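**Student:** Sequence:
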Amino acid sequence: MRELLARLLLRWHRRDQVSWLVKQGLVVGRNFVMLEDVFIDPSHTWHIAIGDDVTLAPWVQIYAHDASTKRHLGLTRLGKVEIGDRVFVGASAIILPGVTIGSDVIIGAGSIVTEDIPSGVVAAGNPARILCPLTEFLELRSAETASMPNFGREYTLRGNITEQRKVEMNDKMKDRFGYVV
42 MRELLARLLL RWHRRDQVSW LVKQGLVVGR NFVMLEDVFI DPSHTWHIAI GDDVTLAPWV
102 QIYAHDASTK RHLGLTRLGK VEIGDRVFVG ASAIILPGVT IGSDVIIGAG SIVTEDIPSG
162 VVAAGNPARI LCPLTEFLEL RSAETASMPN FGREYTLRGN ITEQRKVEMN DKMKDRFGYV
222 V
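First residue of the sequence shown: 42, per our numbering; consecutive thereafter.
Treat the hints with care, since some could be wrong.
Here are the simulated distance ranges between beta carbons [claimed, not checked]:
hint, residue 1, residue 2, range
1, R118, Q205, 50 to 56 Å
2, T117, Q58, 22 to 28 Å
3, Q205, Q58, 32 to 38 Å
4, E123, G166, 18 to 24 Å
5, E77, N201, 18 to 24 Å
6, L181, P159, 18 to 24 Å
7, G66, F178, 32 to 38 Å
8, Q205, D107, 46 to 52 Å
9, F178, A108, 34 to 40 Å
To be clear, the hints were calculated from the coordinates, so they are not data collected in a lab.
Please read all numbers here as calculations on a predicted model, not as lab measurements.
Note that beta-carbon positions come from the ideal geometry of N, C-alpha and C, so glycine has one too.
Taking the hints into account, I'd like the entire structure generated from these sequences.
**Tutor:** Spelled out as structure tokens, the structure:
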């Protein structure tokens, strides 16, 4: 019960945080998901636009300003950030000012996005570079699901996973990977 209450409070806090950022000028589309500890530049939210069906994984950072010039030039550099539709940004990725990310894009965990990323690709690294078309990545992962264990909702926290199922999952994932709903 305590775990469920903690999850509900965290979800409410994130919703409240997004509402505050939107009031400051952040533009977000439908079905926006922002997981824990995401940082969206609070001092320049009105320079950031996020499309529909976008997920920001934990610890993603989005900046619309670069203060590296402030001490020397007395000015802070600003850049609009635009994220298209159906984009997933992996954990701990950093998106820097002036970047546009197209639609149907996956940004790998830990990436630093310093330049525009076109639509329909998977990009990762420091700096982020295009790895492959999204269709190629999805075909590979789709084929992989046929040979790896697949788990239903009952194997998730929101499905109230049991200790026995946790052990079962790890036993079945002898090749290290599996898929869950």
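**Student:** It remains to establish, for every hint, whether it holds in the given structure.
**Tutor:** Here's how the hints hold up against the structure:
1. R118 with Q205: 50 to 56 Å: Once the Cβ atoms are compared, 55 Å apart, the range 50 to 56 Å for Q205 and R118 holds.
2. T117 with Q58: 22 to 28 Å: Taking Cβ atoms as reference, T117 and Q58 lie about 24 Å apart, which means the hint holds.
3. Q205 with Q58: 32 to 38 Å: holds, 36 Å
4. E123 with G166: 18 to 24 Å: At 21 Å between Cβs, range holds.
5. E77 with N201: 18 to 24 Å: Given about 20 Å between the Cβ atoms, the range holds.
6. L181 with P159: 18 to 24 Å: Holds, since L181 and P159 (Cβ atoms, about 20 Å apart) stay within the stated range.
7. G66 with F178: 32 to 38 Å: holds, 33 Å
8. Q205 with D107: 46 to 52 Å: For D107 against Q205, whose Cβ atoms are near 51 Å apart, the range 46 to 52 Å holds.
9. F178 with A108: 34 to 40 Å: With a Cβ separation near 35 Å, F178 and A108 satisfy 34 to 40 Å, so the hint holds.
The earlier numbered hints are all upheld by this structure, with none contradicted.
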